[in-house]
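Trainee: Please put together the full structure from these sequences, using the hints given.
The primary structure of each chain is shown beneath.
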Amino acid sequence: MTNDIYRQVIMDHYKNPQNKISSPLNDSDYIKREALNPSCGDMVTIYVKFINEQIIDIKFQGEGCSICCASASVMTNELNNLSKVVGLEKINQFANIIKDGVVDKEYDFEDGEAFVGVSKFPARFKCAYLSWDTVGKIIRELDE
Amino acid sequence: MFNIDKIKKDFTILKNNPTLTYLDSAATSLTPDVVIEAMNEYYYHYRATVHRSMYANGQKADEKYQASRETIAKFLNCQINEVIFTKSTTNALNLVANSLVTKLNGDDEILTSALEHHSTLLPFREFAKQKGLNTKYIPINKYGEITYDNFLNTVNAKTKIVVLHHVSNVLGDVVPIKKIAKYCQENNIITVFDGAQAITHEQIDVKEIGCDFYAFSGHKILGPTGIGVLYANNKIAKDLIFEYGGDMAHIVTIDDVTTKELPLKLEAGTPSIAEVIGIKAAIDYLMQYEFDDIARHIYELKIATINLMKEIPGIIIYNENTKNGIITFNFENIPTHDVLQELANENIAIRGGHMCNQLTLKYLGVNSVLRISFYIYNDLNDVKKLINGLKKAASQLAWML
Ligand SMILES: Cc1ncc(COP(=O)(O)O)c(C=O)c1O
Chain A
1 MTNDIYRQVI MDHYKNPQNK ISSPLNDSDY IKREALNPSC GDMVTIYVKF
51 INEQIIDIKF QGEGCSICCA SASVMTNELN NLSKVVGLEK INQFANIIKD
101 GVVDKEYDFE DGEAFVGVSK FPARFKCAYL SWDTVGKIIR ELDE
Chain B
1001 MFNIDKIKKD FTILKNNPTL TYLDSAATSL TPDVVIEAMN EYYYHYRATV
1051 HRSMYANGQK ADEKYQASRE TIAKFLNCQI NEVIFTKSTT NALNLVANSL
1101 VTKLNGDDEI LTSALEHHST LLPFREFAKQ KGLNTKYIPI NKYGEITYDN
1151 FLNTVNAKTK IVVLHHVSNV LGDVVPIKKI AKYCQENNII TVFDGAQAIT
1201 HEQIDVKEIG CDFYAFSGHK ILGPTGIGVL YANNKIAKDL IFEYGGDMAH
1251 IVTIDDVTTK ELPLKLEAGT PSIAEVIGIK AAIDYLMQYE FDDIARHIYE
1301 LKIATINLMK EIPGIIIYNE NTKNGIITFN FENIPTHDVL QELANENIAI
1351 RGGHMCNQLT LKYLGVNSVL RISFYIYNDL NDVKKLINGL KKAASQLAWM
1401 L
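One line per chain: the protein sequences are A and B, in this order.
Position 17 (the first sequence) corresponds to 17 in the working numbering; numbering is contiguous.
So the mapping is simple: the working numbering equals the position in the second sequence, first residue as 1, plus 1000.
By construction, these hints were calculated from the structure, which means they are not laboratory data.
Glycine residues also receive a C-beta, built at the ideal position from the N, C-alpha and C atoms.
Don't take every hint at face value.
As the list claims (entries may be wrong) - If you want the ones that stay clear, here's a sample from chain A, every Cβ over 10 Å from chain B, calculated:
| # | residue |
| --- | --- |
| 1 | I5 |
| 2 | Q18 |
| 3 | F50 |
| 4 | V103 |
| 5 | D104 |
| 6 | D143 |
Claimed, not checked - From the derived model, a few chain A residues whose C-beta atoms are all more than 10 Å from chain B:
| # | residue |
| --- | --- |
| 7 | V9 |
| 8 | N16 |
| 9 | N26 |
| 10 | S39 |
| 11 | D42 |
| 12 | N52 |
| 13 | E53 |
| 14 | N81 |
| 15 | A95 |
| 16 | Y107 |
Claimed, not checked - Example chain A residues on the side facing chain B (calculated, C-beta under 10 Å, incomplete):
| # | residue |
| --- | --- |
| 17 | Y6 |
| 18 | M11 |
| 19 | K15 |
| 20 | P38 |
| 21 | G41 |
| 22 | T45 |
| 23 | G64 |
| 24 | C69 |
| 25 | A123 |
Mentor: See below:
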């Protein structure tokens, strides 16, 4: 039954996360923001580097459940090299994938599509959305 | 001993959820039909406010409200005017903290521990902080306990309030509150104990403990949500005000107010009447049994479960040696959330996360734990289903290792 949620892609990202660093990054080129969901043990820190309007690198550090960690790993690829505006749109789109289980082809998701199964487990929405939401907050704060 | 099949029949919620394995009673217990019926009777037959009605239903509501206070006074072995109804343990502790801390000043200190539930720690520490007062922590010994010796080593002439849990919601350790209270009585220190977990399986005699305040919630002892009880030593409580409002005020003039006597003085506003009636029904129901039997029953389930859990590789148990009905554990290298998901798929209800007790988790060196908790309606069949669920979870999640 949970195979609905643990797609191979998710398992792969959990076991071999991309752009994950093992200790805090001290680099002022990156904007850092903690993404904490302490009541369930998801504690990650997201680092984003921008050049002008463009995201040029994302890294994450921390620990959490499979969905949280795999989603953070996928996010670092899905949002990289997007403009802030397109990034925000894609974050919204990802929210739809994990909430309603629908994928909008316009946004060419790659591994992000694997999270459609989360829609059947509303309690996991927060886990899947945590890192994406955090990048959204970073972008919106920059634009304030 | 008691007959679990018979007890299960008292809980329609179990009949309505035939596949449910409910092992989360330390978070909130299930409610037997008698409690729901007592509250329904109030709503269906004699709904009215308390304290100030001339008409029959109001009189009856009053009698039932009063009867609940009397039952609880007997239950805790205190005077009737020392039973204060609140919304919850959290609410009770906030009210006590706020009203006591206001009276402190200078270098007065609060003494607590780093194993407290957020509801115990935060009201006192944060109200104290607002007044610029310090909160000190009793050191934890190497077994994760708060000992009387360590209390003695920390308490000092500045200590004005000691606030501690009686039984922990994470590890189930028991704090020696009776000895601590005795010392505090002799040294003019106010004691406040959080009984939210202890009350479920231990006969509490507040006079024997000798404390000043003792708080618990109805929903952990088969009662409704939205009702808490605070035992408040009337020698201290008579000088406190929790909240202003209706029912607590006696004479109100354009620039002054006098208050009613205890306990009404500390119960401002229309209370949770149905819930007060419900908590009495819950205590009456529970009192059919001896607390020793309840404690033994849940401990036996704990031991039986632990013995079976040991057959599952990778499980770390944090509180094997505490004598109670809770098991706190983790799967090595598998996040709690993933385990919870697998168990939820089998309709097995346990808790995972920080348990509103982040300091205890810090002590354990983890961000998150899993907790199984038993109560009177659980039996070995629940244990069997749980163990099967845990085994299945372990195999489903083996890919994570
Ligand atoms: C030890 C302890 N203290 C306080 C509380 C708070 O109880 P409530 O949420 O009913 O106010 C709980 C229960 O969650 C608890 O286990």
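Trainee: Are all C-beta atoms of chain B more than 10 Å from that of N26 of chain A?
Mentor: holds, 23 Å
Trainee: Just checking, Y107 of chain A versus chain B, shortest CB gap more than 10 Å?
Mentor: holds, 27 Å
Trainee: Given K15 of chain A as an interface hint, is the shortest Cβ-Cβ distance to chain B below 10 Å?
Mentor: holds, 7 Å
Trainee: Min Cβ distance, P38 of chain A to chain B: is it shorter than 10 Å?
Mentor: Since the shortest Cβ distance to chain B is 6 Å, the answer is holds.
Trainee: Just double-check D42 of chain A for me: nearest Cβ-Cβ distance to chain B has to come out over 10 Å.
Mentor: Since the minimum Cβ distance to chain B is about 7 Å, D42 of chain A lies within 10 Å and the statement is violated.
Trainee: Does Y6 of chain A meet its interface restraint, that is, does its C-beta lie within less than 10 Å of any C-beta in chain B?
Mentor: holds, 7 Å
Trainee: Does D104 of chain A really sit off the interface, with its C-beta more than 10 Å from all C-beta atoms of chain B?
Mentor: Consistent with the label, D104 of chain A stays out of reach of chain B, its closest Cβ about 26 Å off (over 10 Å).
Trainee: Run the C-beta distances from V103 of chain A to all of chain B and say if the shortest one exceeds 10 Å.
Mentor: holds, 22 Å
Trainee: Given A123 of chain A as an interface hint, is the shortest Cβ-Cβ distance to chain B below 10 Å?
Mentor: holds, 8 Å
Trainee: Are all C-beta atoms of chain B more than 10 Å from that of N16 of chain A?
Mentor: holds, 12 Å
Trainee: Are T45 of chain A and chain B close enough, Cβ to Cβ, to be under 10 Å, as the hint says?
Mentor: violated, 13 Å
Trainee: Was I5 of chain A rightly flagged as not at the interface, with every chain B Cβ beyond 10 Å?
Mentor: violated, 7 Å
Taken one by one, the earlier hints fail for this structure at numbers 1, 10, 11 and 22, listed in ascending order.
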